[in-house]
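Protein sequences appear in the order of chains A, B and C.
Numbering of the first sequence is given in my numbering, commencing with residue 1 and proceeding in unit increments.
Numbering of the second sequence is given in my numbering, commencing with residue 1 and proceeding in unit increments.
Numbering of the third sequence is given in my numbering, commencing with residue 1 and proceeding in unit increments.
Just to be clear, a hint being listed does not mean it is correct.
To be verified - Here chain C is said to cover these stretches of chain B; the calculated rule only asks that three of the stretch's residues, wherever they fall, bring their Cβ under 8 Å from a Cβ of chain C:
1. 22-30
2. 98-110
3. 133-143
4. 225-235
5. 243-251
Stated by the list, open to error - Covered stretches of chain B (in silico footprint by chain C; criterion: 3 or more residues with CB under 8 Å from a CB of chain C, positions within the stretch not fixed):
6. 68-79
7. 216-222
What the hints assert, rightly or not - Here are the computed distance ranges between Cβ atoms for each label pair:
8. A:Glu-531 <-> B:Asp-155: 25 to 35 Å
9. B:Asn-18 <-> C:Ser-86: 16 to 26 Å
10. A:Gly-301 <-> B:Gly-21: 51 to 61 Å
11. C:Ser-86 <-> B:Gln-27: 21 to 31 Å
12. A:Ser-539 <-> C:Lys-95: 45 to 55 Å
13. B:Gln-27 <-> A:Gln-299: 39 to 49 Å
14. C:Phe-22 <-> B:Asp-155: 38 to 48 Å
15. A:Glu-216 <-> B:Asn-18: 43 to 53 Å
16. A:Ala-463 <-> B:Glu-198: 31 to 41 Å
17. A:Lys-25 <-> B:Glu-198: 29 to 39 Å
18. A:Asp-388 <-> C:Lys-95: 48 to 58 Å
19. C:Ile-115 <-> B:Asp-97: 29 to 39 Å
20. B:Gly-21 <-> A:Ser-469: 34 to 44 Å
21. C:Ile-115 <-> B:Asn-18: 38 to 48 Å
The set of hints was computed from the structure by calculation and includes no laboratory data.
We put the CB at the ideal spot given by N, CA and C, even for glycine.
In case you want the letters, here they are:
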Amino acid sequence: MTTLQSGVPSGPIDQKWTKHRFDMKLVNPANRRKYTVIVVGTGLAGASAAASLGEMGYNVLSFCFQDSSRRAHSIAAQGGINAAKNYANDGDSVYRLFYDTVKGGDFRAREANVHRLSEVSVNIIDQCVAQGVPFAREYGGLLDNRSFGGAQVARTFYAKGQTGQQLLLGAYSAMMKEVAKGTVRLFTRREMMDVVVVDGRARGIVVRHLVTGEIESFAADAVVLATGGYGNVFYLSTNAKGCNVTATWRAHRKGAFFANPCFTQIHPTCIPVHGEYQSKLTLMSESLRNDGRVWVPKQSGDTRSPSNIPESERDYYLETRYKSFGNLVPRDIASRNAKMVCDEGRGVNGELAVYLDFADSIKRLGQSTIEARYGNLFEMYERITGEDPYSVPMKIYPAIHYTMGGLWVDYNLQSTIPGLHVIGEANFSDHGANRLGASALMQGLADGYFILPYTLGHYLATAPLDPVSSRHPEFEKCETLVRDRISQLLAIKGSRSVDSFHRELGLLVWDECGMSRSEAGLRRALDKIPEIRDEFWASVMVSGSGAELNQTLEKAGRVADFLEFAELMVTDALERNESCGGHFREESQTEEGEALRNDTDYCHVAAWAFSGDLSKPVLHKEALTFEEVPLSQRSYK
Amino acid sequence: MTKTISLTLKVWRQKSGNASGKFVTYQVPTVDVNASFLEMLDVLNEQLLLKGEDPIAFDHDCREGICGMCGAVVNGQPHGPQRKTTMCQLHMRQFQDGDTITIEPYRARALPVLRDLVVDRSAFDRVVQSGGYVSVKTGQAPDANAILIPKQDADLAMDAAQCIGCAACVAACPNASAMLFVSAKVSHFALLPQGQPERQNRVLEMLATMDRERFGNCSNEYQCGAACPKGISVSNIARMNRDYLSSKMRLS
Amino acid sequence: MASSSIGKKQVVAITGLFLILFLIFHLSGNFLIYKGPDAFNAYAEFLENLGAIKWMARLGLIALFLIHIVFTAMVVIDNRKARPQSYEVVKSVIKRSWATRLMPYTGSVILLYLIFHLLDYTLADHSGHNSIVNGQAMELYGLVYNSFQNPIRVAFYVIGMTAVGFHLTHAIQSVMQTFGFYHVRYTPIIKRVSLVLGIAIAVGFASIPFYMMFMQSSCVTGG
Chain A
1 MTTLQSGVPS GPIDQKWTKH RFDMKLVNPA NRRKYTVIVV GTGLAGASAA
51 ASLGEMGYNV LSFCFQDSSR RAHSIAAQGG INAAKNYAND GDSVYRLFYD
101 TVKGGDFRAR EANVHRLSEV SVNIIDQCVA QGVPFAREYG GLLDNRSFGG
151 AQVARTFYAK GQTGQQLLLG AYSAMMKEVA KGTVRLFTRR EMMDVVVVDG
201 RARGIVVRHL VTGEIESFAA DAVVLATGGY GNVFYLSTNA KGCNVTATWR
251 AHRKGAFFAN PCFTQIHPTC IPVHGEYQSK LTLMSESLRN DGRVWVPKQS
301 GDTRSPSNIP ESERDYYLET RYKSFGNLVP RDIASRNAKM VCDEGRGVNG
351 ELAVYLDFAD SIKRLGQSTI EARYGNLFEM YERITGEDPY SVPMKIYPAI
401 HYTMGGLWVD YNLQSTIPGL HVIGEANFSD HGANRLGASA LMQGLADGYF
451 ILPYTLGHYL ATAPLDPVSS RHPEFEKCET LVRDRISQLL AIKGSRSVDS
501 FHRELGLLVW DECGMSRSEA GLRRALDKIP EIRDEFWASV MVSGSGAELN
551 QTLEKAGRVA DFLEFAELMV TDALERNESC GGHFREESQT EEGEALRNDT
601 DYCHVAAWAF SGDLSKPVLH KEALTFEEVP LSQRSYK
Chain B
1 MTKTISLTLK VWRQKSGNAS GKFVTYQVPT VDVNASFLEM LDVLNEQLLL
51 KGEDPIAFDH DCREGICGMC GAVVNGQPHG PQRKTTMCQL HMRQFQDGDT
101 ITIEPYRARA LPVLRDLVVD RSAFDRVVQS GGYVSVKTGQ APDANAILIP
151 KQDADLAMDA AQCIGCAACV AACPNASAML FVSAKVSHFA LLPQGQPERQ
201 NRVLEMLATM DRERFGNCSN EYQCGAACPK GISVSNIARM NRDYLSSKMR
251 LS
Chain C
1 MASSSIGKKQ VVAITGLFLI LFLIFHLSGN FLIYKGPDAF NAYAEFLENL
51 GAIKWMARLG LIALFLIHIV FTAMVVIDNR KARPQSYEVV KSVIKRSWAT
101 RLMPYTGSVI LLYLIFHLLD YTLADHSGHN SIVNGQAMEL YGLVYNSFQN
151 PIRVAFYVIG MTAVGFHLTH AIQSVMQTFG FYHVRYTPII KRVSLVLGIA
201 IAVGFASIPF YMMFMQSSCV TGG
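With the rest of the complex left out, here is chain A (with noise of 0.2 Å):
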């Protein structure tokens, strides 16, 4: 069994970064352009980790899927980022955001990581100004900050309602600087389909050019996995249709460990799913429960329009509950008591969706105030839905919206092959059990920026490294995995189209693994993804050639992966024992109906390793220890 080594430095919170940095081994800059470094995915940790180690002289290569490396699923973001700047001079200073986030994520991450990205939470507000990105201001010009997500200091910068877009838009710009200089070379429409592993070593990867259909192969010095999150294992996600785990899927195939893959995040107010063909969720910004109220009818089988329903016949559910926070719960509690009105039957029309009112806000306020503030989103739902939120009450209802979970990383954000590095969403490292509103965008520019070109530059000094060509056997063994697998897809021709399994997939563990866990669904959804995989396999229906641009080929290849992957987060959801976070276990709970931690039994990392039985996975505990923050329940009530 191997050790989970986190490589955490010794020393007092705050200067464990700035210790390990000066401990770290230097690659001389003259050296730097010898050394190839293989940048997976251009969202913010991966286009920010590109444009740095370029800036820093080493040579890059960096891949996306999509037709444009400015595209990656970070630009949807809407909310902001925060930083511990204390501009509105509230109080905040990095101490406290580390402890609001390690709280936040209701103690499953580890705390120097999360110090860690506190302290540089600082410097990214600072490099995006610099790069243009055009926050919101004030009139006296400097910029403006706005509290999210419940925090009792406002730390959230933000561009409009469209954070996200600008960062990344700031990060493309720094990558596209350095492709004109030439350190960086994008790869666009390219799908990771494997890393190859030599000498125990990641030293390349093999990818699909989705143009052509060719396999290709690229070899490098250090390999480094930004491919996002894995929320769309649940098919309907507010995550684009392309967002995937084969790449980290596929790495853990060759030994990199999963960690705590049970840990997702769902969103309270996104627009409820309105029929079969539904491609996907599409989230309402976290600030309108700010001003509106949330309620069902009292009565089950209530089927009145919302406007012939009068107050005393409404339940609102959150405010009844939980008298201090109201309708400003944190994301998980929102969520969950709106599965449970809802299993209840008293969801709007008996459907899946819970009413989001601003009626009263409207009548204290004015329309012109609530249009000032949410207008776009206003615009936006009626868009979607056809009705104008003005007049009519919202209909809302929770999504998968992030994952805390990813491979596991050390703290210098190496996985556990030697030479993978994984940043963003896609490592499991700073949110533990639940991601506070804007940390994501927070956690993904330290990473790249910050982080991993100082602890990337360590690994390259260090490691032995002997030359590797892509004409090494790995890598053409690594092809003809590949392309066996695709002829193989391609092959069986069946009666059911990819998405029919994805949607299938998707239904069971929303319902068995989603916003409530229990040891018997868990169980049954362990039962019936091997059976929804071998059916895949059986009869799946991939039309066309590998030769070709071919979506379903691409889509096949992904739900594929999703099927294994499936399994091991539902296996991991059985294991911990406990709620936390995002993960509720219904036999983890409070007599008041809230989720109880078990930190005696399940104060660890949960890291799976492949055992080639997908059944089998094998499982690694790193121990978490809390010195700074100590262990609280949280409480809302």
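Chain A is already provided as a structure; the job is to place chains B and C on it using the hints.
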């Protein structure tokens, strides 16, 4: 309860960039009006697939109107008939029962068709590579609040920076010009103090690349601004024209 | 300047702007026709006798026209090539103005018109038999008068001037955009001014053939 409509689709089918293409007509009998345009295509594709035909290839990703990956010309208009709406956010309630909808790829020499409705927009990346950035390296930044920017300027810069790079402007332009795209990027930086040191070179270089990529030029028809799903203003083109002239004069 | 597509457009715009100024100057001279033959012929003679200045002006105008035409042709050809395959369904997002769409065509009509116009008057013999009205030599005024007794020529001139009108209504506002002037409040005003000015110049020029056609010959010589 859900209303459905019946449609005839005329879709451009082309196997690859080198192959010749043609329009193929499909009958889609029961389209839920609450479905998005892309979901309507998903349903059709699933039917085609199970009949053993190749599904229609189209680019898409976020399906919430921000990634800029989707886009085709629907009944003569990029992203379809609804203004300030990407194709993925266009919903079928915008159409009537019995409608014929023609779907064709963006047509421009600079955006060659790769398959069906998928075009190659890498020219946009190359335009950005030639100057669409501030040359600051990681770690060189001063404190964020050391740079004061009047709110009006920051807001205007944000308006320009909203571009999603979908290329609807090129598709809508009678000359297949990328002026709106290029000018949005140029304006974003021209309006901010961070963009000033490289302002003159930026506009000249980006425009040179735009020409090299063989986009057309502007005849001031303003179709681009009207077609832009983010409502980017043609005033950015004027700003770029001005910047071009002054840069050319100062640098020559 | 001419190396880039914007540069070419700006060359077209600046030459166009000078040509508009020339048109305004030309029109104000033409209006002397309403003051009668003496004033008009005196003005014509004054221009004839400018000597070197006249030739400089003529060469300048020729150069302006040539540059305007050649650069326009380059821009138009580039633009055409930018979309090798046209759309099956053509439906513009906002209504396309005819003035804008027809720019290259109105321009071509103007060029054609210009050649005839120069042959008609500038290069014609101002004291030949065509200038005689009711047996009196009326010089250029007479030449103009006689030529517009022919309704076909009047029609031709009116068509030419319609082309000029269309061309200018787009041109004036377009010049502003091409040189980078755009303002939320003023740009719509400029567009209106452009329309009015374009029509005014065209109507101003076109009024003369009509005036001449409907004027009695006795009025010419009697004056």
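Verification of the hints:
no.	hint	in the structure
1	22-30	violated (count 1)
2	98-110	holds (count 6)
3	133-143	violated (count 0)
4	225-235	holds (count 4)
5	243-251	holds (count 4)
6	68-79	holds (count 5)
7	216-222	holds (count 7)
8	A:Glu-531 <-> B:Asp-155: 25 to 35 Å	violated (55 Å)
9	B:Asn-18 <-> C:Ser-86: 16 to 26 Å	holds (20 Å)
10	A:Gly-301 <-> B:Gly-21: 51 to 61 Å	holds (54 Å)
11	C:Ser-86 <-> B:Gln-27: 21 to 31 Å	holds (26 Å)
12	A:Ser-539 <-> C:Lys-95: 45 to 55 Å	holds (53 Å)
13	B:Gln-27 <-> A:Gln-299: 39 to 49 Å	holds (44 Å)
14	C:Phe-22 <-> B:Asp-155: 38 to 48 Å	holds (43 Å)
15	A:Glu-216 <-> B:Asn-18: 43 to 53 Å	violated (20 Å)
16	A:Ala-463 <-> B:Glu-198: 31 to 41 Å	holds (38 Å)
17	A:Lys-25 <-> B:Glu-198: 29 to 39 Å	holds (35 Å)
18	A:Asp-388 <-> C:Lys-95: 48 to 58 Å	violated (29 Å)
19	C:Ile-115 <-> B:Asp-97: 29 to 39 Å	violated (57 Å)
20	B:Gly-21 <-> A:Ser-469: 34 to 44 Å	holds (40 Å)
21	C:Ile-115 <-> B:Asn-18: 38 to 48 Å	holds (46 Å)
Consistency with the previously given hints fails for numbers 1, 3, 8, 15, 18 and 19, ordered from lowest to highest.
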